[in-house]
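J.: As a plain string of letters, each chain reads:
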Amino acid sequence: MVQNIIDVRNLSKSFDISSKEPGLKGTIKHFFRRQTKSLKVIKDISFEIKEGEIVGFLGANGAGKTTILKMLCGLIYPSDGSILVSGYLPFRRKENFLKNITLIMGQKQQLIWDLPPIESFYLNASIYDLDKFEAKKRIKKLSEMLEIDEELYIPVRKLSLGQRMKSELLAALIHEPNILFLDEPTLGLDINAQRNLRKFLQKYNKETNATICLTSHYMKDITSLCKRVICVHEGAISYDGKLNLLLKKLSPVKEILIVCRSEKDATKLENSGFTIKNKIKNEITLKIENNSITSSLKTILNNFDIEDLFINEPPIDEIIGKVLIKKDYDI
Amino acid sequence: MLEYRVEIALWAISGIIPFFMLNIWTNNNLNESINISDVMLSRYFLCAFFVRQFSVVWVVFSFEEDSLMGKVSPYLIQPLNPFFRYFAQHLAEQITRFPFALIIAFFFFIFNPESIWIPNLGILLLSILSTFLSFLIQFLIQSIVACLCFWTEKASSIERLLFIPTLFLSGLLAPVVSFPAYVKSWIYLTPFPYLIDFPANLLSGNETNVSGGLSMQILWIFLLFPLFKKIWFEGTKKYTAMGS
Chain A
1 MVQNIIDVRN LSKSFDISSK EPGLKGTIKH FFRRQTKSLK VIKDISFEIK
51 EGEIVGFLGA NGAGKTTILK MLCGLIYPSD GSILVSGYLP FRRKENFLKN
101 ITLIMGQKQQ LIWDLPPIES FYLNASIYDL DKFEAKKRIK KLSEMLEIDE
151 ELYIPVRKLS LGQRMKSELL AALIHEPNIL FLDEPTLGLD INAQRNLRKF
201 LQKYNKETNA TICLTSHYMK DITSLCKRVI CVHEGAISYD GKLNLLLKKL
251 SPVKEILIVC RSEKDATKLE NSGFTIKNKI KNEITLKIEN NSITSSLKTI
301 LNNFDIEDLF INEPPIDEII GKVLIKKDYD I
Chain B
1 MLEYRVEIAL WAISGIIPFF MLNIWTNNNL NESINISDVM LSRYFLCAFF
51 VRQFSVVWVV FSFEEDSLMG KVSPYLIQPL NPFFRYFAQH LAEQITRFPF
101 ALIIAFFFFI FNPESIWIPN LGILLLSILS TFLSFLIQFL IQSIVACLCF
151 WTEKASSIER LLFIPTLFLS GLLAPVVSFP AYVKSWIYLT PFPYLIDFPA
201 NLLSGNETNV SGGLSMQILW IFLLFPLFKK IWFEGTKKYT AMGS
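Chains as they are written, first to last, in our numbering: chain A, 1 to 331; chain B, 1 to 244.
No lab work stands behind these hints: they were computed from the structure.
Check the hints yourself; a few may be wrong.
Quick list of in silico lysine to any residue cross-link-like pairs, SDA-like style, CA-CA up to 20 Å [what the hints assert, rightly or not]:
| no. | chain 1 | residue 1 | chain 2 | residue 2 |
| --- | --- | --- | --- | --- |
| 1 | B | K229 | B | E114 |
| 2 | B | K154 | A | H30 |
| 3 | B | K230 | A | E95 |
| 4 | A | K99 | B | F83 |
| 5 | B | K154 | A | T27 |
| 6 | A | K94 | B | N81 |
| 7 | A | K94 | B | A241 |
| 8 | B | K238 | A | F91 |
| 9 | A | K20 | B | W151 |
| 10 | B | K238 | A | T27 |
| 11 | B | K237 | A | F15 |
| 12 | B | K238 | A | R34 |
| 13 | B | K154 | A | I28 |
| 14 | A | K99 | B | A105 |
| 15 | A | K37 | B | A241 |
| 16 | A | K94 | B | L76 |
| 17 | B | K237 | A | S12 |
| 18 | A | K99 | B | L76 |
| 19 | B | K71 | A | Y77 |
Take these sequences, add in the hints, and give me the full structure.
T.: Structural data, given as structure tokens:
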């Protein structure tokens, strides 16, 4: 049986936020009498994550998903509740815990700006107590997986964003962590770089059975990597479960565009009892429920003279967008 | 690379306050009031320059910037206290400064040939140790102030408050011996005279209590280190990872 590697119970986090009215009067007032209020950004959430799982955290800006990741990796201290990651309390930042995890934040870098990435890799290797031989071996292996080579010897400031991100990944993975916290790792990358990064993460997960917690605004990252998603809405979990179940629930019908041989066939199909979205000459768009797609298509192909057929998946961004603005999903 | 070399040279030159002070002292014959000869005074200020070059600390500014820009976050999840990074940076920069400091000393001796002296090996080693201890004290003081970033976001302003007593009481502007006796007795209870005055007097061959000075330096390190650890521990609980 696969064990839970992350166990979160009734976790909450509040921040003290100060506010200032505009203008000189507001500034003077703020200087002498600062008004602060406590804002609860994470509200009593609980979940578990199993070893080797890839879980996507979804939510609108400010929903609290990054705060959750920061608490899971021990960067910020929780206000209430408990977190166990790999058997450790993250905020205590014990050496063995830190050697087991990594956090990658898109656009935030740990590489030394004026030096080639290779220097940062060896520095990280020393921090994680790796000897030079082992470090060299891991750099070689990871650079092959990430398909970077000459870039290792060029100052970081001269690298492209994609090359820098790959180098960041290598620096963050040199100690071969079991748990990866990725906060928008593909932010700002072009389509090819995004795809390569996703391919690498899939490979890394497969080869090392590492657990990956990921936040991203690119739905492709979520759909290609995560079987399970946790949706966060205003600091609370609105959905925790399989991504395909969520998609099915939120998008129960598919649209099928059928091109008939003649307008007569299209009219015949229009009157055959299917739900019609629209009809233009010999082209007709049907709405068919997901669970009856196969039988419906069989009927259509057997009974009508069809020239061509297209199944349109509803855009995933649109479906997920619905989740981000809703409080609760009971699937 | 040229711009880096120029930056390092400018950086070494920027620490020449002691030479200005030497000029003020000798031109106004102020040394007569404290019974120090011209030669000993010039050696003192040259040594103050050297001690300053190898003990100057700016960790509060680096940490504040990194903290506000969100750069501290990746360091915090590594199994090494981020202050070790700053410590290593300071040491590396001290090594870089060394040849430039020697060049400045060379020119100093050309203009003040009567000040040339060679300290004996024992004194030299003790002075290096004392300068390193001075660096440690300053690093710990600034690290404590830097940790206030977790509460205030503008810890460097607090550091500026400390800069004033450091400037006047450390021996950078005047040897501590020039203060009235009752003021001196108070100054020696603070960490400031052990930052520049004590190591500079030791290296220049001026009369000084070697064991007393070294003991006070070690005592201050023992007092400041647990304080730093406590503030660090409490501060990281307050960390909000802003900017990241």
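J.: If a hint holds in the structure, say so; if it doesn't, say that too.
T.: Outcome of the hint check:
no., hint, result
1, B:K229 / B:E114, "47 Å, violated"
2, B:K154 / A:H30, "16 Å, holds"
3, B:K230 / A:E95, "18 Å, holds"
4, A:K99 / B:F83, "18 Å, holds"
5, B:K154 / A:T27, "17 Å, holds"
6, A:K94 / B:N81, "11 Å, holds"
7, A:K94 / B:A241, "19 Å, holds"
8, B:K238 / A:F91, "11 Å, holds"
9, A:K20 / B:W151, "18 Å, holds"
10, B:K238 / A:T27, "25 Å, violated"
11, B:K237 / A:F15, "12 Å, holds"
12, B:K238 / A:R34, "19 Å, holds"
13, B:K154 / A:I28, "18 Å, holds"
14, A:K99 / B:A105, "47 Å, violated"
15, A:K37 / B:A241, "19 Å, holds"
16, A:K94 / B:L76, "11 Å, holds"
17, B:K237 / A:S12, "15 Å, holds"
18, A:K99 / B:L76, "12 Å, holds"
19, B:K71 / A:Y77, "18 Å, holds"
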